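Participant: Work out the full structure: start from the sequences and follow the hints.
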Amino acid sequence: MGNRDSSNNSTCFKLLCPCVSLFVLVGAIVGFVALGKSFVEVPPGDVGIVVTRGNLRTVGPGRHQVRPFASDLDLMSTKTQLLEQGHSIPTKEGLNVQLDTAVSYHLDSEKAEEVYKSVGTKYEDVLIKPAVASALRSLTVVSEAKALYTDGRDVIQSQLGEKLTESLAPRGIVVEKVFLKGIILPDQLRKSIEMKAQAEQDAERMDYELEKEKKKA
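If you're matching positions, the sequence shown starts at 1 in UniProt numbering and goes up one per residue.
Don't read these hints as lab results, they were simulated from the structure. Here the structure is a predicted model, which means the values were calculated and not measured. It is possible that some hints are incorrect.
EDC-like, lysine to aspartate or glutamate: derived pairs with alpha carbons at most 20 Å apart [said to hold, decoys possible]:
id, residue 1, residue 2
1, K163, E124
2, K79, E176
3, K191, D202
4, K163, D202
5, K111, E176
6, K129, E162
7, K92, E144
Facilitator: What follows is the structure in structure tokens.
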């Protein structure tokens, strides 16, 4: 009778052993995965937004502990970025001019969480592109086309930078540099401006020659 009980116990032990080993193995795997999920890495030049059950936390570059399986990480670049756009814009004369802009900017790391809450990670499309188009249009619509083709271009470029800084800085975007380039005027207008500029140069040259003759006399 005793031998039969001992045999049964031995059989049960043999049956349970693989199950216990499997549970231990699964537990170890889950533990290792959980340990891996407990840390996130934010690379240099980025800021991380840790989202845990609807709550946000901003973390800088480096390794950070989070809640495993409950936290997600979104990265937002704080490096300088370049936005290039092409525009068809009106001038004071009612002409449409093709103009390219280039804006270098970076995300203010101190306001990254605020930006994330309001527009997410697509802040270039939501904030910067519309701001550039709107500010540029507001400047060119009160400027003559020749201003884009002459020294007035530098003035408009400077004013555009000021307007973008004014509108984007409160939203967490730091505007570094603004460039106007690739200006294409209607052919007739371009030729007219060139002819006028040449006439002005000829007039200045004539005045100079006349003044020189007067001094000789």
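Participant: If a hint holds in the structure, say so; if it does not, say that too.
Facilitator: Now the hints, each set against the structure:
{"no.": "1", "hint": "K163 to E124", "in the structure": "holds, 17 Å"}
{"no.": "2", "hint": "K79 to E176", "in the structure": "holds, 11 Å"}
{"no.": "3", "hint": "K191 to D202", "in the structure": "holds, 16 Å"}
{"no.": "4", "hint": "K163 to D202", "in the structure": "violated, 37 Å"}
{"no.": "5", "hint": "K111 to E176", "in the structure": "holds, 17 Å"}
{"no.": "6", "hint": "K129 to E162", "in the structure": "holds, 16 Å"}
{"no.": "7", "hint": "K92 to E144", "in the structure": "holds, 5 Å"}
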